[in-house]
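Participant: Generate coordinates for the entire structure from the input sequences, incorporating the hints supplied.
2 protein chains.
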Amino acid sequence: MAASYSIGIDLGGTNLRAAAIDKDGKMLAKLSGSTPVASGPGPVVDDMAQSVEKLREQFGRDDLVGIGAGVPGNIDMAKGVIVGWGNMPIFNGYAMREELSKRLGTKVILENDANAAALGEQWMGAGRGVDDLVLLTLGTGVGGGIIIGGRILHGQIGMAGELGHMTISPNGNPCGCGNRGCLEKHASATAVSAMARLLGLGHDLTAQQVYDLAVQGNDRAKEIFKVMGEGLGIALASLVNIFNFPLYLLGGGVVAAWDFFAPAMLAEVERRSYTYRSTLKIAPTRIEAAKLGGDAGLFGAACLPLQDVRT
Amino acid sequence: MAASYSIGIDLGGTNLRAAAIDKDGKMLAKLSGSTPVASGPGPVVDDMAQSVEKLREQFGRDDLVGIGAGVPGNIDMAKGVIVGWGNMPIFNGYAMREELSKRLGTKVILENDANAAALGEQWMGAGRGVDDLVLLTLGTGVGGGIIIGGRILHGQIGMAGELGHMTISPNGNPCGCGNRGCLEKHASATAVSAMARLLGLGHDLTAQQVYDLAVQGNDRAKEIFKVMGEGLGIALASLVNIFNFPLYLLGGGVVAAWDFFAPAMLAEVERRSYTYRSTLKIAPTRIEAAKLGGDAGLFGAACLPLQDVRT
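Same order as they appear, the protein sequences are chains H and F. So the first sequence is numbered by our numbering: it starts at 4 and just counts up by one. So the second sequence is numbered by our numbering: it starts at 4 and just counts up by one.
Hint data in this document are derived by calculation from the structure and do not stem from the laboratory. One or more hints might be untrue.
Since the list can't tell identical chains apart, any single copy or any two copies may satisfy a pair.
Said to hold, decoys possible - Capping the alpha-carbon separation at 20 Å, the derived lysine to any residue pairs in SDA-like fashion look like this: (1) K82 x P287; (2) K57 x S7; (3) K294 x R20; (4) K229 x W261; (5) K225 x G297; (6) K57 x S104; (7) K284 x V133; (8) K57 x D25; (9) K284 x A98; (10) K284 x N95; (11) K110 x D311; (12) K284 x A81; (13) K229 x Q310.
Predicted, not measured: the structure shown is a model, and the values here were computed from it.
Facilitator: Written as structure tokens, this is what we have:
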């Protein structure tokens, strides 16, 4: 018999994962769904509901505080509707919260996955004990989440935190969002692969393969991570100037290359942010790697219904 | 006999101004100090205290809720100490709050002037009824203030909102803060003057004079405001992506040139921010001129001690 717990769902690019997590942040169980996200809203919501049922059977209905779900798209928070899921347009306009809630007979909180990851890191990861932080998640793109006073900053309809689309170079690489020089076009796994191609390292190298080359001492591969670090540094310097928060975290797969991009990144922040430099001795700004890896979103999603309990 | 009121002080670049403002936001009286700010901390605090005394005599000690003061420097909020006042280093490290408080025998709230202006606009200006907004003040430099839930965002020690030092062009104009391409080096009165010089319009033209030339149809002068608008647009697009707030305001003297810079600014925001475009029909983002002019800081400073009263 578990103490009161909640269920977090993380809808990724391929399939879903779900976890039961108790109110102290202990993960009780984790499972993966079986339906490809590309199957579309109906089958995916079936899969979500089944995953929740499995966990509910195991840990009890009475102790379940609530359900949170992170999805990789923009959400109209008031309506619980997905308004923009870049590479899965089949979900656009889908009232996922209501559907899931109806299917499960209980309240569901829907959240953007990058926001959920930021909350997860704040709750049980690298941000424990810190009320105000920013998380950048470096993956295929760059996701962002802003935590203020221990809560996700949503903005008007829930689209705050689109930090991957900050402009770091006004005439930089074109982005599908319509902008040029978005952070994510210069500092994501996709950007690393594209630079490898531009430098003649290979046509279809993954960021992991470029990282392996850097480890082997390849100068071009190292240069790629340096350029990525500079891009991150430009964005982080602005974020430090904007928020003056104590903590900025970097998560996502590409963070494995920390040793290759972090020096350039930190040098850039130090050079570009007077706020960073002038507070070094009074109240230093920490820029660090996140700790929960791929589980950050699960912790964050599970944290949402618990927030009223744990305060 | 006034209803309960507070006193706001705005310490400008040359001298101070002070105003008694009642809890409904009605300005009861406004006066200017006589001491140049360049005289340094001692004489300036004397001047501040005398101004407060004059207003206190006129409107009564019993009804005075409190005193707020905006200063054009970075403040360590916890200590009430000025930690960085760019062109007045004589104030750096000065414990203004304690000094003023001792002199007046009452509690004083110290605040950065751009933050105070943002709060003033939110209280009685262009942001009335809006809980979340950003104000950019375009003057000699570019100041910034962020209001979340009707309160100033301070960050760790009170240095949040340094929006004039967001990077809009990584290799742009050098800035005294150590960065390159800061917004304020591309979109302030100083930047307008510098561009006029670069374009051969004149060596010492003020932004006002460049504006007059634009009004007379001078193409180079118009181009300057277009470039300024583009710079503002780059920064605003990032701010819209970061905050998804309903309102972004522009204040300060250079806003008089709105008709010349706003079209380029808004076009840039529209092109660069997917958030701006995709919320147009759901929850549009307003980008507008501030309304209180030079009094925004006075209203904001006076609002600080009233915040507990008016909530």
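Participant: It remains to establish, for every hint, whether it holds in the given structure.
Facilitator: Okay, the hints, checked on the actual structure:
Taking identical chains as interchangeable, the C-alpha atoms of K82 and P287 lie at most 20 Å apart only when they sit on different chains, with a minimum of 16 Å there against 39 Å within one chain. Within a single copy, K57 and S7 get their C-alpha atoms as close as 16 Å, which meets the 20 Å cut-off; across copies the closest is 61 Å, which misses it. With identical chains, the CA atoms of K294 and R20 are at most 20 Å apart within one copy only, with a shortest distance of 18 Å there and 50 Å across copies. Within a single copy, K229 and W261 get their C-alpha atoms as close as 10 Å, which meets the 20 Å cut-off; across copies the closest is 40 Å, which misses it.
With identical chains, the CA atoms of K225 and G297 are never at most 20 Å apart, being 25 Å at best within one copy and 51 Å at best between copies. Within a single copy, K57 and S104 get their C-alpha atoms as close as 16 Å, which meets the 20 Å cut-off; across copies the closest is 62 Å, which misses it. With identical chains, the CA atoms of K284 and V133 are at most 20 Å apart within one copy only, with a shortest distance of 19 Å there and 36 Å across copies. For a Cα distance limit of 20 Å, the shortest separation of K57 from D25 inside one copy, 16 Å, qualifies, whereas the shortest one across copies, 60 Å, does not.
For a Cα distance limit of 20 Å, the shortest separation of K284 from A98 across copies, 18 Å, qualifies, whereas the shortest one inside one copy, 49 Å, does not. In this assembly of identical chains, K284 and N95 lie within 20 Å of each other by CA distance solely across copies; the values are 15 Å between and 47 Å within a copy. In the homo-oligomer, the alpha carbons of K110 and D311 lie at most 20 Å apart inside one protomer (14 Å), although the nearest pairing across protomers, at 35 Å, exceeds that limit. Taking the shortest alpha-carbon separations for K284 and A81, only the inter-copy value of 15 Å comes in at or below 20 Å, while the best intra-copy value is 42 Å.
Taking the closest pair of Cα atoms, K229 and Q310 never come within 20 Å of each other, the shortest separation being 39 Å inside a single copy and 47 Å across copies.
This entry does not satisfy hints 5, 13, going by the numbered hints stated previously.
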